[in-house]
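> Sequence:
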Amino acid sequence: MQQVKGVISRAKGAPVELVNINVPDAGPGEAVVRIQACGVCHTDYHYVQGGIGDDYPYLLGHEAAGIVEQVGEGVTNVAVGDYVVLNWRAVCGDCRACKRGEPWYCFATKNAEQMMTLEDGTELSPALGIGAFIEKTLVAAGQCTKVDEGAEPAAAGLLGCGIMAGVGAAINTGGVRRGESVAVIGCGGAGTAAIAGAALAGASTIIAVDIDDRKLEQAREFGATHTVNSKQEDVVETIRELTGGNGADVVIEAVGRPETYEQAFYARDLAGRVVLVGVPTPDMEITLPLLEIFGRGGSLKSSWYGDCLPERDFPMLTDLYLQGRFPLDKFVSETIGINDIDEAFEKMGRGEVLRSVVLLEDAKEAK
Numbered sequence: 001m002q003q004v005k006g007v008i009s010r011a012k013g014a015p016v017e018l019v020n021i022n023v024p025d026a027g028p029g030e031a032v033v034r035i036q037a038c039g040v041c042h043t044d045y046h047y048v049q050g051g052i053g054d055d056y057p058y059l060l061g062h063e064a065a066g067i068v069e070q071v072g073e074g075v076t077n078v079a080v081g082d083y084v085v086l087n088w089r090a091v092c093g094d095c096r097a098c099k100r101g102e103p104w105y106c107f108a109t110k111n112a113e114q115m116m117t118l119e120d121g122t123e124l125s126p127a128l129g130i131g132a133f134i135e136k137t138l139v140a141a142g143q144c145t146k147v148d149e150g151a152e153p154a155a156a157g158l159l160g161c162g163i164m165a166g167v168g169a170a171i172n173t174g175g176v177r178r179g180e181s182v183a184v185i186g187c188g189g190a191g192t193a194a195i196a197g198a199a200l201a202g203a204s205t206i207i208a209v210d211i212d213d214r215k216l217e218q219a220r221e222f223g224a225t226h227t228v229n230s231k232q233e234d235v236v237e238t239i240r241e242l243t244g245g246n247g248a249d250v251v252i253e254a255v256g257r258p259e260t261y262e263q264a265f266y267a268r269d270l271a272g273r274v275v276l277v278g279v280p281t282p283d284m285e286i287t288l289p290l291l292e293i294f295g296r297g298g299s300l301k302s303s304w305y306g307d308c309l310p311e312r313d314f315p316m317l318t319d320l321y322l323q324g325r326f327p328l329d330k331f332v333s334e335t336i337g338i339n340d341i342d343e344a345f346e347k348m349g350r351g352e353v354l355r356s357v358v359l360l361e362d363a364k365e366a367k
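In full-length UniProt numbering, the protein residues as written are 1 to 367.
Calculated from the structure, these hints are not laboratory results. In this text, a Cβ means the ideal position worked out from N, Cα and C, and glycines have one as well. A portion of the hints provided could be inaccurate.
[Claimed, not checked] Think about it this way: if two alpha-carbon atoms lie no more than 27 Å apart in a straight line, the pair counts; the simulated DSS-like pairs of lysine-lysine are:
id	residue 1	residue 2
1	330	215
2	5	215
3	110	301
4	12	231
5	5	110
[As the list claims (entries may be wrong)] So the derived label-pair ranges between C-beta atoms look like this:
id	residue 1	residue 2	range
6	270	302	17 to 25 Å
7	150	350	54 to 62 Å
8	294	342	28 to 36 Å
9	293	93	46 to 54 Å
10	297	211	28 to 36 Å
11	213	93	44 to 52 Å
12	79	330	14 to 22 Å
13	280	55	36 to 44 Å
14	231	280	39 to 47 Å
15	120	28	22 to 30 Å
16	361	294	19 to 27 Å
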């Protein structure tokens with residue numbers, strides 16, 4: 001057992017707290033990882049605001065890179081000293097999806113069996129089964145993906161969630177091919193990553209859509225060839241105009257709202273693909289003409305974690321980053337200390353950053 005500093009959300013809407021946390025030694029199938037850097041993701045803020053559940057207190061953070069310090073009995077995929085990116089899809093290998101050769105849809109992903117706790121023994125719920133705003137965390141060994149140690153932790157850790165979700169929405173779910181046209185509605189972290197993914201796949205026309213000109217200008221840095229401010233232009237008509245009157249081959253909806261999904265539906269070409277990667281709230285509903293769904297053909301897909309397989313996709317994207325072919329470091333807007341997370345949430349809400357990244361090597365004293 002070790003005691004380290006970590007950031008928790010104790011109650012809905014309350015400021016986050018830096019506290020002492022007990023981390024058990026690695027048990028069978030588990031690993032203890034010393035966290036070097038962890039991105040501040042919208043999902044963490046959803047935990048704070050009660051938008052995911054009420055299993056407080058939550059140990060926040062999940063987009064992380066670090067060094068394996070301990071492994072438990074039976075662990076073979078990583079060893080002490082390995083540089084890893086954490087993931088929340090540790091596939092089981094035995095469920096229906098895994099057995100049919102589609103482990104990226106695994107229905108029984110693994111987390112650590114033991115629980116991290118507060119000093120008084122209160123069990124913590126780790127965000128997405130990880131909990132990485134902490135000096136050291138306990139995870140299932142399958143949640144550790146070894147990558148090239150040349151990748152900076154602040155950049156590499158971002159593969160653990162939002163960047164992978166966006167890139168995977170384009171490449172894995174959307175199946176973007178060379179020469180195709182792609183429109184991305186919503187240019188936050190996942191949407192911008194989808195733009196970068198479309199560029200990586202060789203799309204010839206990449207249309208970025210947002211209400212914020214700052215985000216649209218930023219989208220060009222990641223590969224957008226055209227931008228559309230949806231406050232000023234009709235999204236569907238403009239996308240059609242930019243694609244020869246046809247609509248885009250792939251439209252990625254990265255907002256998660258009925259009105260933007262409807263735009264995506266009508267902005268695609270016949271037999272085109274719509275990919276939903278934006279996360280809706282439980283109360284949202286949408287109505288579409290069934291004849292239009294039938295008549296347009298193609299596919300309407302949802303992308304969960306970019307339909308990624310971490311052991312395949314994380315090393316591949318890390319290698320492309322180190323080769324200068326994937327601009328992973330551009331997603332890092334700023335690096336911050338472990339006491340600055342509330343302020344990072346505020347910046348994120350104002351659209352001022354793609355990602356703030358917490359550096360954990362020198363976690364400060366608890367308040």
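> That 14 to 22 Å hint for residue 79 and residue 330 (C-beta), does it hold up?
Roughly 32 Å apart at Cβ, these two residues miss the hinted range, so it is violated.
> Lying within 28 to 36 Å: is that true of the beta-carbon distance residue 294 to residue 342?
violated (49 Å)
> When you take the CB atoms of residue 150 and residue 350, is the distance between them in 54 to 62 Å?
For residue 150 and residue 350 the Cβ distance comes to about 34 Å; the hint is violated.
> Could you say whether the range 19 to 27 Å given as a hint is met by the Cβ separation of residue 361 and residue 294?
At roughly 56 Å between Cβ atoms, residue 294 and residue 361 fall outside 19 to 27 Å, so the hint is violated.
> Hey, residue 12 versus residue 231, does the alpha-carbon distance stay inside 27 Å?
With Cα atoms ~33 Å apart, residue 12 and residue 231 exceed 27 Å; violated.
> Measuring from beta carbon to beta carbon, are residue 270 and residue 302 in 17 to 25 Å?
holds (21 Å)
> Taking 27 Å as the top limit, are the C-alpha atoms of residue 330 and residue 215 close enough?
This hinted pair holds, its Cα atoms lying about 13 Å apart.
> Given the range 28 to 36 Å, decide if the beta-carbon distance of residue 297 to residue 211 lies inside it.
Roughly 30 Å apart at Cβ, these two residues keep to the hinted range, so it holds.
> Take the C-alpha atoms of residue 110 and residue 301, compute the straight-line distance between them, and say whether it is at most 27 Å.
holds (25 Å)
> Does 22 to 30 Å hold as the CB distance between residue 120 and residue 28, or does it fail?
holds (27 Å)
> Assess, step by step, whether the Cα of residue 5 is no farther than 27 Å from the Cα of residue 110, and give holds or violated.
Given pair residue 5, residue 110 holds - Cα atoms ~24 Å apart, limit 27 Å.
> Okay, residue 231 versus residue 280 on CB: inside 39 to 47 Å?
Distance hint for residue 231, residue 280 is violated at roughly 21 Å.
Checked against the numbered hints given earlier, this structure breaks hints 2, 4, 7, 8, 9, 12, 13, 14 and 16; the rest are met.
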